[in-house]
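Q: Put the two chains together into one complex, using the hints given.
Sequences listed follow chains C and V, in order. Each step along the first sequence adds one to the number in our numbering, with nothing skipped, and position 231 is 231. Each step along the second sequence adds one to the number in our numbering, with nothing skipped, and position 36 is 36.
If you're looking for bench data, these hints aren't it; they were derived computationally from the structure. Here the structure is a predicted model, which is why all the values come from computation and not from measurement. Be careful, since some hints might not be right.
[Claimed, not checked] 20 Å max Cα-Cα, derived EDC-like pairs, lysine to aspartate or glutamate:
id, chain 1, residue 1, chain 2, residue 2
1, C, K197, V, E95
2, V, K8, V, E66
3, C, K197, V, E54
4, C, K101, C, D183
5, V, K261, V, D237
6, V, K133, C, D183
7, V, K102, C, E188
8, C, K197, V, E74
9, V, K69, C, E188
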Amino acid sequence: MQATNTKKPFNITFYLLIIPVLLWLVFLIVLPHLDLLISSFKIENNNGDMVFSFDNYLAFFKEKIYWLTFVKTASYAISVTVLAFVITFPIAFYLTKVIPKKNAAFFILLLLIPLWVGELVTVYGWMVLLGDNGIINHALMTIGIIDKPINMLYTNFSMILGLLYMSMLFMVVPVMSTLESLDDSLIEAASDLGASKWTIFRTIIIPYSMPGIVSGAIIVFMLVIGDYLAPNILGGKSSLWFTEQIYNKFLTTFNWNEGAAFGFLLLMLSSGIIWLALKLSGQKLDKVGS
Amino acid sequence: MSNILEIKNLTKRFGDFTAVKDVNFTVKDGGFFSILGSSGCGKSTLLRIIAGFETETEGEVFIRGESMKGIPPERRPVNIVFQHLALFPMMNVRENVAFGLKRLKLSKTEIDSRVNEMLGRVGLDGYEKKDVKALSGGQRQRVAIARSLVMKPSILLLDEPLGALDRKLREHMKVELKLLQREIGTTFIYITHDQSEALVMSDEIAVMHEGHFEQIDTPRNLYKNPKTAFVAGFVGDSNRFELKKSENGKLLTAKGWKINKKSYKGTATVLYIRPEALIINPSSDLVDVEIFDITIKTILFDGSNTKLATIVTGTTEELLISLPQNAEFDGLEEGQKLQVGIHCDDLKCY
Numbered sequence: 001m002q003a004t005n006t007k008k009p010f011n012i013t014f015y016l017l018i019i020p021v022l023l024w025l026v027f028l029i030v031l032p033h034l035d036l037l038i039s040s041f042k043i044e045n046n047n048g049d050m051v052f053s054f055d056n057y058l059a060f061f062k063e064k065i066y067w068l069t070f071v072k073t074a075s076y077a078i079s080v081t082v083l084a085f086v087i088t089f090p091i092a093f094y095l096t097k098v099i100p101k102k103n104a105a106f107f108i109l110l111l112l113i114p115l116w117v118g119e120l121v122t123v124y125g126w127m128v129l130l131g132d133n134g135i136i137n138h139a140l141m142t143i144g145i146i147d148k149p150i151n152m153l154y155t156n157f158s159m160i161l162g163l164l165y166m167s168m169l170f171m172v173v174p175v176m177s178t179l180e181s182l183d184d185s186l187i188e189a190a191s192d193l194g195a196s197k198w199t200i201f202r203t204i205i206i207p208y209s210m211p212g213i214v215s216g217a218i219i220v221f222m223l224v225i226g227d228y229l230a231p232n233i234l235g236g237k238s239s240l241w242f243t244e245q246i247y248n249k250f251l252t253t254f255n256w257n258e259g260a261a262f263g264f265l266l267l268m269l270s271s272g273i274i275w276l277a278l279k280l281s282g283q284k285l286d287k288v289g290s
Numbered sequence: 001m002s003n004i005l006e007i008k009n010l011t012k013r014f015g016d017f018t019a020v021k022d023v024n025f026t027v028k029d030g031g032f033f034s035i036l037g038s039s040g041c042g043k044s045t046l047l048r049i050i051a052g053f054e055t056e057t058e059g060e061v062f063i064r065g066e067s068m069k070g071i072p073p074e075r076r077p078v079n080i081v082f083q084h085l086a087l088f089p090m091m092n093v094r095e096n097v098a099f100g101l102k103r104l105k106l107s108k109t110e111i112d113s114r115v116n117e118m119l120g121r122v123g124l125d126g127y128e129k130k131d132v133k134a135l136s137g138g139q140r141q142r143v144a145i146a147r148s149l150v151m152k153p154s155i156l157l158l159d160e161p162l163g164a165l166d167r168k169l170r171e172h173m174k175v176e177l178k179l180l181q182r183e184i185g186t187t188f189i190y191i192t193h194d195q196s197e198a199l200v201m202s203d204e205i206a207v208m209h210e211g212h213f214e215q216i217d218t219p220r221n222l223y224k225n226p227k228t229a230f231v232a233g234f235v236g237d238s239n240r241f242e243l244k245k246s247e248n249g250k251l252l253t254a255k256g257w258k259i260n261k262k263s264y265k266g267t268a269t270v271l272y273i274r275p276e277a278l279i280i281n282p283s284s285d286l287v288d289v290e291i292f293d294i295t296i297k298t299i300l301f302d303g304s305n306t307k308l309a310t311i312v313t314g315t316t317e318e319l320l321i322s323l324p325q326n327a328e329f330d331g332l333e334e335g336q337k338l339q340v341g342i343h344c345d346d347l348k349c350y
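Next comes chain V alone, as it looks inside the complex (with noise of 0.2 Å):
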């Protein structure tokens, strides 16, 4: 696959402020490409840069190998959903998804069954007269989607398109909207705060922080090797440990856990241990897995997300344990002693 849109060098400044350093990746034609980052971190300045209104300080934009130096917003092959949809209050379904169309002056006829067909493709048939104001939330989703797919770009922009939605509806949009991207096979640029729906969706996501890029990879190689601790404390839910100096050249945390297992090497300050790579009551013949004992302080439940949390005996060190939810563990209680098992792959250090 070729690469459909390709960033070099992009940075962004605000006066003094640089929202996007110099930030560099291709997307693949065809790709569903996440921009993941907590608010602020210049990811809605990067797509608005994409999408042409906002000017790039220095770097460039190329779609399809084409500089987009100077080129407005209304003659680049993307098209964006807005944050809050941007839905032409005054138009009807109809109207606002004709609206792009209409610009290119294309027949009637032409427009109608393109409108149509658009509809059809976002599940919206026999919504066409409705007042888009009537609508519900994932309806109007929908609407602003086909608005925007129907110009056929080369890109389609999301801008936290769910961010408006409730949980459930949001859980629902997020796979709708994947299967919309693979049947239609537009490529798609997401951002996103939320990692759930850039893991759900995306072939890619790159992970943005103050600016710019720490880490772009898939979201199991992103989840399973981050590369950089931001990563590893922003994706997924990880224990986070302040590392010292140890004697004899083993990992020592702040609070004084011994890890036997896995030596300390170079500059590392910080380990993160994800919940659920801790083994409870491991069989003592795996191999590199670090075996000790933890006391449960409390069990968090929250249906298939539930942990314990427990202290690390002999220390202070607090660690955060999934529990899986079967028979095997109903009868575990709080003050309770457990042997917990960690492969030493699994303990990530930075």
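Here chain C stands alone, though its shape is the one from the complex (with noise of 0.2 Å):
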């Protein structure tokens, strides 16, 4: 955009560093992509060859577990969304509005911790927690509220706790930045309009920072969805991910393509749900990115 502003007809510097990011997303991201749009169109015939076909797609419809997977996949990764927002959201006004600003920045690096220690090791370290040798049941066993293990690890509530743990960050880092620029004197005028504490976080302080939070669902969500790890070790054989499915494609009956169709169709599925998130809550792209 720049360089058709400036006069110049030849804008070395501009073109020097469009270079690396047209490689990026020229080789790294629309080719992979291509090849795979492809192939997810291609099934061999009878004599071996590969033709063009819908079938793959069409897998998906007919297969009642594929798409009951899916509906799973996606509500149970709104909701790990909806979870994550309502959790941290607390924290991210706390560490704001309510501490002092170096003291933030202190509990934001405790924070980050879980990060720098990787997704398998917290995986396996809510293992350790919840299995029913774990610490919590031999915990509550020797205190003698229960005197059988909780079955804990390997359902849905333990993979939903691993999903949220390994997520919940990213939803604290942009809605704490728009809370930061909410001046403190909206919340005193909103106040002195005599409205009430609940009133002036459901009309002043939520719509503030919608944009920070839609950006912060829309991470979360991409990151659940698209999450492996977790579902499978935390999930057990019941946890049914969609991305497990695409892993069965690929890597258990050898079907590359119907993996790629299965792959599109999770893209394509989360961008949709993305979009009518965006459509309902009345954000825009460009003003969440920002």
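A: In structure tokens form, the structure reads like this:
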């Protein structure tokens, strides 16, 4: 954009700067996706030749288990996103509006620690906590509150816990940045005009931080819907996460073409959900991204 | 007129720092009351105590005779126009103005009629649907005032609301605010560091300095008869002279200017003279007027505010004299000597 505005016909700096971006976009995003798209429309006919077909996509709609898995994945991802918001919004509010700035930096650093050790390690951490012989069950039995271990691991509960734990932070950061720009006098003005604390929260704070909430929600939703580790390890056999279906296509049945189609379906359907959420919340993508 | 606001022995301390020191005053119903002071003098803290955002350490605030102790901001009959206006950016003009009325659970028709009436009052008809971010500075100002006034508060508190406007618009809004206040009759308490704003708009002004009130008076009295040295120096322009003890009991400044018409009484240490109190080429039959010679050092041309920087002849005291912009003084030049007079009442000693 900048280059078209300048009078110089060849702005060397501009092209030097744009080349890495273009290389990245073309070779790491556009071409692989095109390849995936093309292979998703191919099946092997009886002669062993690859021919064009919609069968890979039709398989998703014909086989009940596939789209049921997707519905479950999407609805759980939405629930995790909502939960992440409910849990982290007070944290973000506390860190930006209540405690002094210099202490906030320390707490944010603390929040980041789980990211440093990696998802696999935190997932195994949850296994140690939640297992039948895990720390929580052991503690509860020692105190005598229960006499049989509660089955927590390999359930939807443990899966949601794992997904929440790895994605929550990505909600905190954008919400904090919008809350930081919220002038305290807006809150005072609302209270001066007779608004109760709950009304201020509902009519001032939430609408004001909506861009941050939506961008946080998009990140969390995308991370969760595309996650493989937490559902597979913490959710156990019953987890039925859509990424597991894709994994199975590629590595168990070796049907790469159907796997590609499923990958594309995940991309389309999750983008559709985000588009719908943006429409419903009245937010625009360019505003959310900034 | 009855008193709508009464402040009794109000003190506010933040740790070791005392922001407001034992302040007492009353404001008449329907008046325009200004609190004038430089930044950090405690005037904003005082306003926030009245609005209920800060709690007083000692003393009490009464509005219409009722103590405001323990009453939160949302239940006080006052509304505040914030320094940076604090308009709600995610709402349009109408929603901003209707915000407070919605909290009163009024019917939609009543909210609409009150909002429209108020927007008409402040000259914003037809702006209902506009985004507040798309408005000009003056329009935003009016939305903020409308948003508070629509609540029909007993008192409207204004915290330097004109500070962010450019000079021309500020001059215009000064007059507009004063007229608006006259028209609707709500009591205004106006906080400012700009003396011209306070002098133009107010019925009464309190000059605040380091947490306490120096003087509460009408603008004219404040200007004509400042009670303390701080007020004399703070309100309007003044020539300031250090005084020293003289042998004959007459006024004598530190740099040797003897004033024969006025005797030196008590313990005064400073003398203030307004530039416009000096009469150039006074006629000799004036009574109680000290006449002396000056030399023009330079002419500071500033339109209607033009001044002469002069030296009192025979001393090293510098004296600023207002120069009326009429043809009589067009020929003045640097280095020229002039005779100047000052009435004894205009020599303010503290």
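Q: If a hint holds in the structure, say so; if it doesn't, say that too.
A: Results for each hint:
With a C-alpha separation of about 19 Å, the suggested pair C/K197 and V/E95 falls inside the 20 Å cut-off, and the hint holds. For the given pair, V/K8 sits about 12 Å from V/E66 by alpha-carbon distance, which is consistent with the 20 Å threshold. Restraint check for C/K197 and V/E54: the C-alpha separation of about 17 Å stays at or below 20 Å, so the hint holds. The suggested pairing of C/K101 with C/D183 holds, with an alpha-carbon distance near 15 Å, which does not exceed 20 Å.
Pair hint V/K261 plus V/D237 does not hold up; C-alpha atoms about 23 Å apart against a cutoff of 20 Å. Among the hinted pairs, V/K133 with C/D183 is consistent with the structure: their alpha-carbon atoms are about 15 Å apart, no more than 20 Å. Annotation: proposed proximity of V/K102 to C/E188 holds, straight-line Cα distance about 17 Å (limit 20 Å). For the hint linking C/K197 to V/E74, the alpha-carbon distance of about 10 Å falls within 20 Å, and the restraint holds.
For the suggested pair V/K69 and C/E188, the alpha carbons sit about 18 Å apart, so the restraint of at most 20 Å is met.
Of the numbered hints listed earlier, the single one contradicted by the structure is hint 5.
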